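A.B. asks: So the protein lines, in turn, are chains A and B. Per the numbering used here, residue 1 is the first one in the first sequence, and the count goes up by one each step. Per the numbering used here, residue 1 is the first one in the second sequence, and the count goes up by one each step.
Among the hints, erroneous ones may be present.
Residues of chain A clear of chain B, computed beta-carbon distances all greater than 12 Å [unchecked claim]:
1) 60
2) 83
3) 84
4) 96
5) 114
6) 123
7) 128
8) 157
9) 166
10) 183
11) 194
12) 227
13) 255
14) 258
15) 275
One-sided and incomplete, this derived list gives chain A residues near chain B with beta-carbon spacing under 10 Å [unchecked claim]:
16) 87
17) 91
18) 200
19) 209
For the record, the hints were derived by calculation from the structure and aren't laboratory data. None of these values were measured; they are calculated from a predicted model. Where a beta carbon is used, it is the ideal one built from N, C-alpha and C, also for glycine.
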Amino acid sequence: MTDAGAISASGGPLLEVTDLVKHFPIKSGLLVDREVDQVRAVDGISFIVNKGETLGLVGESGSGKSTACRAVLQLLKPTSGSVRFEGQEIAGMGRRELRPLRREMQMIFQDPYASLNPRKRVGQIVGDQLKVQKVASGKELRARVEGLLDRVGLSPEHYNRFPHEFSGGQRQRIGIARALALEPKLVFCDEPVSALDVSIQAQIVNLLDDLQDELGLTYVFVAHDIGVVRHISDRIAVMNQGKIIEAGDADQVCEHPRDDYTKKLLAAVPIPDPRESRARRDRTASAG
Amino acid sequence: MSVTPETAPVTAGAGGPLLAVENLRVGFATEDGRVQAVDGVNFELEAGEVLAIVGESGSGKSVTAQTIIGLTRSPNSHIEGSVRLRGEELTTQSEAQLQSVRGSQIAMIFQDPMTSLNPVYTVGRQIVEAIRAHHSQVGRKEAHAQAIELLGAVGIPEPERRVDDYPHEFSGGMRQRAMIAMGLALEPSVLIADEPTTALDVTIQAQILRLIQDLNRGRGLATILITHDLGVVAEVADRVLVMYAGKVVEQGTLDDIFYDPQHPYTWGLLGSLTRLDRPRPHRLPQISGAPPSLLRLPSGCAFRPRCPHEFAECKEVPGLLPRLPEDPNHLDRCQLTPEQKRRLREVEGRIGLEEPA
């Protein structure tokens, strides 16, 4: 097992994941469900995320990267393993115990069309958590939400609008404002730009970068687009079949991959440069 | 995995291009008003050629493709212009006549192979049906044998066994291969692929692109590839149309678009790419704002509100013209002079590519 935490940054670990396992049972049987097999979605992964850094998680569909995030966040109950946030074990905690921790860890989702409640106004979507966690109310709540909207590049006038009135990029900004409302320390970004148009992707990636610098955020950034992951990440972990098969400095992994699977994955990424991609095709053609 | 041994690309006959699209305009009447989804698109396609149409959502790239095979005909749509296949006009054909063009002459594959295949029939049966719908004289057994051959041709292992599988038993990449097999069943001369790899993993994407390329070279299959991904374009296309808000803003050869792009929108697209083969920039160059709503297009150049180089003349609608004296086939819709464009795209660093050789 590769230890993703081998290269540590100055900030010290915010999140330590050790031997995390999430298996889903496959059940069969007419009257009584019997477990006949398991899907080993996450099969013993370990990594460390240091304060203020971005860990990129790449892999193909089914590699277990999204399940890993959900198991770390305790949105799915891990089968076994340990998840320590600021040194505190959170795997196996109950709902009530987890509630204060939910403020510290937030998530940004892939599909900005499906992850916002269409019947709520933007102000409610962004402000609800502040209310639930009893952080702010009344005028103060409104002021904070307007501040957040402004911070993510929307305007305070958007407070009373509904999600359908916004474009995909703007909706993703609403999702980011909601995630930041409780001033979390750690934000999981699950494919945050893959549903967006090319010209909007760069805007959102730059916004996430700026917010990190300004608020000292720590990110776990999950995506299948290796170019985007490498741009935003300090370190990258490559997942395949529920395991982390390679991890290290982002440039190092992309430029000098050691594992055969990583090499295969990188070689399949199209190069947006016709001469380069012709040269690569000729190389692979002559190699076999 | 190659389909047929590579032969010399088939060249077009003397009688003009295989497919010619002229001043195509597609409008839709909506509750909020009329939307001009495609506004004057022109191109020609020769046998053995791959033409890429690049653009963001709402640029009109998919509507253009769907209109070619008559899929946008409806009471609320208004289609003008001409689409000719081997000189024969398609826009005025009856639905029955078009039915025989679809599949047998022009095939189309879509982004999501799961929703394009019928889940309750085996893959083989769907291919057999496609063949027999057009060639009723072909027997069931013969069509079944052809289906097996086609599945083998697109690189599905053990086609004799897999032909009786249902779509859910296929992986995403195999489903897209099955779609391509079905498209090829009637030996069309044009393949329209609408985001064929967007839903697939990169390793599978590379295989499907290779397959399209093999078919294109081996069989002289002319291909229109619709995509938002310039990386995919660089891998397979010969010529490129860049669309924005219903109009073509730049058109040229693959190298024209990547090494001598003329339109600021093209610069923006190229500049915002993340490249694994380059050191990463501190910030990604970005195009500000969002694509305009087709209901409220800006006057003049549609890219004007997002363009950092806007000047007085942008208030006029610019024509799609050859603006480079040395290259009459490279067209664009930006009124800056070629010298200004060269200077601006270097200074602004919006391309992310070296100087043109």
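A.B. asks: Check the non-interface label on residue 96(A): least C-beta distance to chain B beyond 12 Å or not.
C.D. replies: For residue 96(A), whose nearest Cβ neighbour in chain B is about 40 Å away, the distance exceeds 12 Å, so it holds.
A.B. asks: Report holds or violated for the interface hint on residue 91(A), using the least CB-CB distance to chain B and a cut-off of 10 Å.
C.D. replies: violated (30 Å)
A.B. asks: Check the non-interface label on residue 157(A): least C-beta distance to chain B beyond 12 Å or not.
C.D. replies: holds (17 Å)
A.B. asks: Is the Cβ of residue 255(A) farther than 12 Å from every Cβ of chain B?
C.D. replies: Not fine: 8 Å to the nearest Cβ puts residue 255(A) too close to chain B.
A.B. asks: Confirm or reject: residue 183(A) is not an interface residue toward chain B, with every Cβ-Cβ distance exceeding 12 Å.
C.D. replies: Label holds. Min Cβ-Cβ 24 Å, cutoff 12 Å.
A.B. asks: Given residue 87(A) was flagged as interface, is its beta-carbon under 10 Å from a beta-carbon of chain B?
C.D. replies: Violated, because the Cβ-Cβ distance from residue 87(A) to chain B comes to roughly 32 Å (cut-off 10 Å).
A.B. asks: Per the CB criterion, is residue 200(A) less than 10 Å away from chain B?
C.D. replies: This interface hint holds because 6 Å falls under the 10 Å limit.
A.B. asks: Verify that the Cβ of residue 194(A) lies farther than 12 Å from every Cβ atom of chain B, and report whether the claim holds or is violated.
C.D. replies: The claim breaks: residue 194(A) does not keep its Cβ more than 12 Å from every Cβ of chain B (closest is about 10 Å).
A.B. asks: Beyond 12 Å from every Cβ of chain B: is that where the Cβ of residue 128(A) lies?
C.D. replies: holds (26 Å)
A.B. asks: Looking at residue 83(A) again, its CB stays over 12 Å from all of chain B?
C.D. replies: holds (28 Å)
A.B. asks: So residue 258(A) supposedly isn't at the interface. Is its beta-carbon more than 12 Å from every beta-carbon in chain B?
C.D. replies: holds (16 Å)
A.B. asks: Determine whether the non-interface label on residue 84(A) survives the test: each CB of chain B must be over 12 Å from its CB.
C.D. replies: holds (31 Å)
This entry does not satisfy hints 1, 9, 11, 12, 13, 15, 16 and 17, going by the numbered hints stated previously.
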